[in-house]
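Chemist: The residues making up each chain are set out below.
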Amino acid sequence: MTTRAIAIAVLLFLPLPIVIVVLSSFTSAGYLSFPIKGVSLRWYAEFLGSADWLKVLGTSALLALIGALVSTAASFAAAWAVVRHEMRFGTTYETILLTPLIFPHAAIGVIMIVTLSGLGWLGTFTGLILVHCILTIPYAYRPVVAALRKADPALEEAAASLGARPWRTFWLVSLPAVRPGLVTSLLFSFIISFDEVTVTMFLVGPFVMTLPVQVFSEVLESASPIIAAVSAALVLFTSLMVFVLDKVIGIQFFVERD
Amino acid sequence: MPDTATLSQPILQIDAVTKEFDGTTAVDRVTLDVAEGEFVTLLGPSGCGKSTLLRMMAGFETPTSGRILMRGEDMSKDPAYEREIGLVFQNLALFPHMNVYDNVAFGLRARKRTEGLDRKVRDILALVGLEGFETRRTGQISGGQRQRVALARSLVTSPDVLLLDEPLSALDLKLRRQLQVELKRIQKETGITFIFVTHDQEEALSMSDRIAVMNAGRVEQFSSAVETYHHPQTRFVAQFVGETNLVEARAVSRDAVGAVLAVDGIDQPFSVPLVEGSGIGAGDSVWISIRPEYMTLGPNTDPAPTGPTLTGQVVSHSFSGSTVTYALDSAAGPLLAQVPFRAGEGHPFPNGETVQISWAADTTTVIPG
Chain A
3 MTTRAIAIAV LLFLPLPIVI VVLSSFTSAG YLSFPIKGVS LRWYAEFLGS ADWLKVLGTS
63 ALLALIGALV STAASFAAAW AVVRHEMRFG TTYETILLTP LIFPHAAIGV IMIVTLSGLG
123 WLGTFTGLIL VHCILTIPYA YRPVVAALRK ADPALEEAAA SLGARPWRTF WLVSLPAVRP
183 GLVTSLLFSF IISFDEVTVT MFLVGPFVMT LPVQVFSEVL ESASPIIAAV SAALVLFTSL
243 MVFVLDKVIG IQFFVERD
Chain B
71 MPDTATLSQP ILQIDAVTKE FDGTTAVDRV TLDVAEGEFV TLLGPSGCGK STLLRMMAGF
131 ETPTSGRILM RGEDMSKDPA YEREIGLVFQ NLALFPHMNV YDNVAFGLRA RKRTEGLDRK
191 VRDILALVGL EGFETRRTGQ ISGGQRQRVA LARSLVTSPD VLLLDEPLSA LDLKLRRQLQ
251 VELKRIQKET GITFIFVTHD QEEALSMSDR IAVMNAGRVE QFSSAVETYH HPQTRFVAQF
311 VGETNLVEAR AVSRDAVGAV LAVDGIDQPF SVPLVEGSGI GAGDSVWISI RPEYMTLGPN
371 TDPAPTGPTL TGQVVSHSFS GSTVTYALDS AAGPLLAQVP FRAGEGHPFP NGETVQISWA
431 ADTTTVIPG
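If you read the sequences in order, they're chains A and B. Just so we're aligned, residue 3 is where the first sequence starts under my numbering, counting upward by one. Just so we're aligned, residue 71 is where the second sequence starts under my numbering, counting upward by one.
Among the hints, erroneous ones may be present.
Which bits of chain B does chain A cover? Going by a derived footprint, with three or more residues having C-beta under 8 Å, they are [as the list claims (entries may be wrong)]:
no. : stretch
1   : 125 to 133
2   : 172 to 180
3   : 220 to 233
To be clear, the hints were calculated from the coordinates, so they are not data collected in a lab. Ideal Cβ positions, reconstructed from N, Cα and C, are used throughout, including at glycine.
The shape of chain A in the complex, shown without the other chains:
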């Protein structure tokens, strides 16, 4: 009975901070507080009316979009090489791709400062794309490789025996066969990139800023309820993406082994 109670308490506790943030975003007061004093949408209006906030929102969205496309394309190429060409050292190669998952993010941040300064990309959008690709590839790789392993290579031979040249086979047979994996990779790496703070903090500058990092620095400076409004919007957006993922592919796709 007690374990059951603890389990229920934990389950209630997990989403509680989110609920509190979302609720406090509807405050009419000028400072962050809970319970809220009065109900209003003024902070949402302020968020959407602020050119600065919209600019970082745009940056984050574009960064996540480009990052997701590049990561997914790279993951597909890597998975194709590992699965279809039975590459030597394929598993070693896979492990290297997955290291950003276990490597401390603060360390990656420091390493990336050095690397990007060397390239002259520190504090630039290009630099952020590079770093976000590295961070999202582990998430993009797994769904693609799982889908490729499930796909039947005889399908491509069937297409060839029917007279389809390699490109036709690729577009009409190979790609559609792994479409769910590709969609998952795109959505997943988009979410990861869109929410990324730890590493990005090290790399932003006066010319480029992302939404989550902006939220973080606002929290340090002030306690304006606009942060709650922005956070609530992020939560809503992420939930929508996860909902779409679940509808399109089914969330168990992530939990399943290859």
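Go by the hints and put chain B onto chain A.
Modeler: Okay, now just chain B, sitting in the frame of chain A:
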């Protein structure tokens, strides 16, 4: 069929083809000619190289040596998509994201033969009995229907040769029999050359014009179904195609029809016909193959019939409808005899009984030792 094959230009020639994988030889100097419109079966146990040979014809593997010619032109190195060869896969490999119609239309579109595409697709679906299934997903139809889609998809482009890689092996026996008959009908109606791979000798015998029996990468015998069954040229073919009795014998001498053989347990040497050029001479050790259905059994008290005769004991017997098969023990080794059986007759020979076993000398096939 086998005779016309040698007269006209063969549509497909396999010329001393060898395929090695990392030092092991999967296909070993195979030579075959296939005539246009013929139904040829590659028959053999798994691992005999039949699928590798098929994949080389399709263009998924390149021969290590030797050539594959289509209408006299070497195509050994042509990519699969440039060959006019269809392939029905063992697992069918239907495109799961397309409906039946798009699966069938794929080949015509890939080969840019879109003129009259709709009519061609509908005609071929009618031929395989799948009218009205155009918009079905491949996951929504039965196993037999999926077979038909795979067949229609490969036939619609009218390939010069259609390869079939054990396409019926996953089906239950009844459906398999039904589709065997239908495959044969479709082959006749379209006139397309079929090369069919199977490990099922009954399937091979019932469908093929000619059978290439393969073992350990080599073709042991390439002959008509009837010839393959009645005149096996090697011990492997004799044992793999149908049930048989293989008995060791010695050639005593040659005579007008063939050879005079002596067998342990048979009093009189007997004369058997030989195929031309068998090269068997006096003193050679040979094997003889006698199909169980040519064996005759009689009570031991009967006068000895003409032809090779010996005595043996009934070890066991099994009833299978129209026949009874006796397992016998004799001086020539264990033997099988399949004798006709009609209701009301009862088993004439109980287990343990000593019987007279005989057969007609001219139903004996001699195999070099």
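Chemist: Would you mind marking each hint as holding or not holding in the structure?
Modeler: Quick rundown of the hints versus the structure:
no.: 1; hint: 125 to 133; verdict: holds (count 3)
no.: 2; hint: 172 to 180; verdict: holds (count 3)
no.: 3; hint: 220 to 233; verdict: holds (count 3)
Consistency note: the structure conflicts with none of the earlier hints.
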